[in-house]
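Chemist: Given next are the chains, with one letter for each unit.
There are 2 protein chains.
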Amino acid sequence: MKKTAEDNAWIKRVIPELAAPSLGDNTADVDRLVKGLRQRLKAVDVRVDFSLVKRLSRDLRAHDYCVEGVVYRDGDCWRLIDVFDGKEPKGVYGLSLDLGSSTLVLRLVDLTRGETLDEISFNNPQIEIGSDILTRIHFAGREGGLIKLQALVLDEINHQIGNLVEENSVTRKSIVGMTVAGNTTMTHLFLGLDPHWLCREPYIPVVNRPDLVNAREVGLGINPEAPVLVFPNVGSYFGGDLIAGILASKMTEREDVSFLVDVGTNAEVVIGNRDWLMACAGAAGPALEGGVADMGMMAAPGVIDTVRIDPDTAAFTIGTIPAREGSAATEARGPLGICGSGLIDLVSQLFLAGMIDLMGKFVPDRCGERLTEMDGISHLNVVPANASGTGKPLTLSQIDIDGLIRSKAAMYTILTTISKTVNIAFDDIGRFFVAGTFGSYINPRSAINIGMIPDLPLSTYVSLGNTSLTGATMALLGVDAQKSLFHIRDQITYLELNVNQEFMNLFSAAKFLPHTDRSLFPSVKTWGGDGAVPAGEKIGG
Amino acid sequence: MKKTAEDNAWIKRVIPELAAPSLGDNTADVDRLVKGLRQRLKAVDVRVDFSLVKRLSRDLRAHDYCVEGVVYRDGDCWRLIDVFDGKEPKGVYGLSLDLGSSTLVLRLVDLTRGETLDEISFNNPQIEIGSDILTRIHFAGREGGLIKLQALVLDEINHQIGNLVEENSVTRKSIVGMTVAGNTTMTHLFLGLDPHWLCREPYIPVVNRPDLVNAREVGLGINPEAPVLVFPNVGSYFGGDLIAGILASKMTEREDVSFLVDVGTNAEVVIGNRDWLMACAGAAGPALEGGVADMGMMAAPGVIDTVRIDPDTAAFTIGTIPAREGSAATEARGPLGICGSGLIDLVSQLFLAGMIDLMGKFVPDRCGERLTEMDGISHLNVVPANASGTGKPLTLSQIDIDGLIRSKAAMYTILTTISKTVNIAFDDIGRFFVAGTFGSYINPRSAINIGMIPDLPLSTYVSLGNTSLTGATMALLGVDAQKSLFHIRDQITYLELNVNQEFMNLFSAAKFLPHTDRSLFPSVKTWGGDGAVPAGEKIGG
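So the sequence lines, in the order shown, correspond to chains P and U. Going by the numbering used here, the letters in the first sequence line up with residues 1 to 541, in that order. Going by the numbering used here, the letters in the second sequence line up with residues 1 to 541, in that order.
By construction, these hints were calculated from the structure, which means they are not laboratory data.
Chain P is faced by these chain U residues, among others (derived, beta-carbon under 8 angstroms):
id, residue
1, SER22
2, ALA28
3, PHE50
4, SER57
5, GLY75
6, LEU193
7, TRP197
8, TYR203
9, ASN208
10, ASP211
11, VAL213
12, GLU217
Taking beta-carbon pairs under 7 angstroms as the criterion, some of the chain P residues facing chain U (in silico):
id, residue
13, PRO21
14, ILE204
15, PRO205
16, ARG209
17, VAL213
Values in this document were obtained by computation on a predicted structure and should not be read as measured data. Quick reminder that beta carbons are idealized off the backbone N, C-alpha and C, glycines included.
In isolation and in its complexed conformation, chain P is listed as follows (with noise of 0.2 angstroms):
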């Protein structure tokens, strides 16, 4: 028999071999495939859920006795999922989801050979409730909320399946299992458990490592036995989809130091090595999202995300998120915004090109023409309303440097304050995994050059891409997925950032470009030379 992917995979297709029943042997229908499989899986306790029992007398009668079972691996046991014709075997599918608070990535993968066959990418619904989580707790605890909050999202879900099974042809049955990766509250929505203390002090969770739970008793339009398995979570603020960031970056596998950062409106850092992980959470701020700047945007075609300015003309090279194959042209009409990754590279430009300062104060000798002021407040004109995709000018004023500049001020002293922690210098750091949409497009050139991340060798920095979806995709084909889960969830200490003096100190010093202690930051080149604090020299504090 050929090896395939799901040989050793904790959901996987089994063909016990059956004796007719006969006189001579008069053992039980849903006992003889017990037997069977049990046989086959080398395993002593294979379980039969009461739902299938009642069917299976029928099933097996159907084809004769010769089916092929898929099963899961349930801690100890196997649990049946179900039997379908074992003379002409189909296919059996699975599907990984991305459950992201505003946009949703369903893949649908063939188990067998362990390949994604489908994805598509959906708003989260719950947004007409509210954009924000908080919003969507208090909604959950008004009478019916939570219901309408997970149904929302659970009938976008199955319709979305609908399209997956229709276009790839699979039937819903032969969808076998699904993973989840997402945040505390989503996967509470999605579950339709209680967020109530998740946003109170002390911040409890109602599960950190729930179990496997079936489709049917979730409300998933696949097979209803499919075990579901959703990430678990180390607390409120640190999610299933950090587990996944942890378990697609393989950090875990390393003997080197890594560390693993996800930015959103918290920046999420672990880091860690096959022995050991901490991690911790703070707010970034939403800047690095993209989302307070007066021109910023979620990532999207037709968004800014890359910037070059020439520091002899001043000159100005924009780049924008290419429209996706196939769908109507945006790059055409001129950028409509930037993105987060955008904004790093803008403000590092024009940091290298002198444009602003080490505090990110514009430099109107450098800035010229494109400095105005509007209501009190500079702000740089970067794409002229004519060459813009909404016909007004795109802007950066100084309000939104000096966000950016506490976000990554922010980040900065979050991952000095972890590695002092763990005592860990950044110079042992072997691998610096960035996370999600805003990790797939930031340059870390740029990064650094604003004194966001370390200033380490570029080829240290990997991105990674939308880990959740790559964790939950992993798990799917996993070999004891759950287990691995859990042991990554266990090995995690939480380090609680306490917002004392030190780290306002460390803070404070990481509120200038690049740095204070510009002797961190030594790849760091600006226009002239200018502007440079002294190596060695302290401000603030």
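Using the hints provided, position chain U relative to the given structure of chain P.
Modeler: For chain U alone, kept in the frame of chain P given last:
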């Protein structure tokens, strides 16, 4: 802490030590409880069903994290049933059910004290579909038939649970477990499993060893998470009621070899000890149930259960089953009929008094005026019309006697065959357990006199009463009940009775009173000593 009956039980209460959540310990509610339960139970794997996960935060907080958890053992893990107030723990209860095809007996048990609180007996409402099992199996094959059969019995059980709950001032929620012993068809119908193949060659049940299933999944009106332990079966003809009998007899704890006999429409026989068990079932004829004789009835108040005949005067002394306390007395009206054990007593006494001969034929000289002829068939007047409770004479016909003799011969032949198979002489039998209502009224002396059971010292015979109920109750209070039942079940070797020439020879020889080989029954002393076949002489074959 005082040791209670439940300390080692598979369903038990534990009060975990739970610290209230704090910023220093933000473990989720479910995980906090699981951790506390694991400590108390010294168990690795403690599971919380998804439906409980949904409401656990509320319950824990309602009791300030001081809760009593009720758990049950499921293989290697423990599962939570519910949480209750830990400051003022109340009682928890269980139900054991004898799921008979005609009568159900439901017992309410205090799980903490291990004591029966109440017991209620009621008709199986499936009788309205058909009194025999085959009719019900065929009805189950009709559109909606299975659902109707299940609903009939479940509705009645739930109704009777309602009565128990009310009369004993307990709540349905506090009933946290149930055990069910019945024959294979009855348990299939109880669980809503299609019995279609039970009565068709090669007689395959849906399941032999059902997993524990929740009350919610079955549709029982007790705590929804309460485990329901349905006794396993060996096959269509050897059900959970017999496993309950083996458990109740404790024969598997004995070094010496025991017989266990349960007589209904079938004679079910088990032989074995702590090391091995062999079982067989054969049609012993309904005569033993009292179902066929003209005056035959099920054992009930007012029914004849004992008969003494003075061999000198031929005077009959007739005993009936007394009315239950508090119920309207029927004794005064005279006997209503005769039950199986009464029939055995009667025929035995007729034989000892010389009123029937060794072939069971009436001896007119000895019967005198009691003997009459109707439609060419001899009838013995047992109770004259004026003394009977029906106003009509109660008579015993030659056909009734012939039927009983066939049944007793079948029983003796089965006992002979199975003991020959395992090469155990009757003399080596340490205990002869008789199960069932039949067994609780039978007089072993009479059964020996007619050659139905071996001529062993009377102290060998032990009547066990309702072993389904006793076994179910023992399982409810047991240490690892399901494992014990599976162990008993798996130890049983089922002997398929071949009705071959050898069997027929044994059967023919047993169709005499007490037997053609009189040396097998040295203790049987008949009136005048006549009628006995000389020792060693064989008839038939």
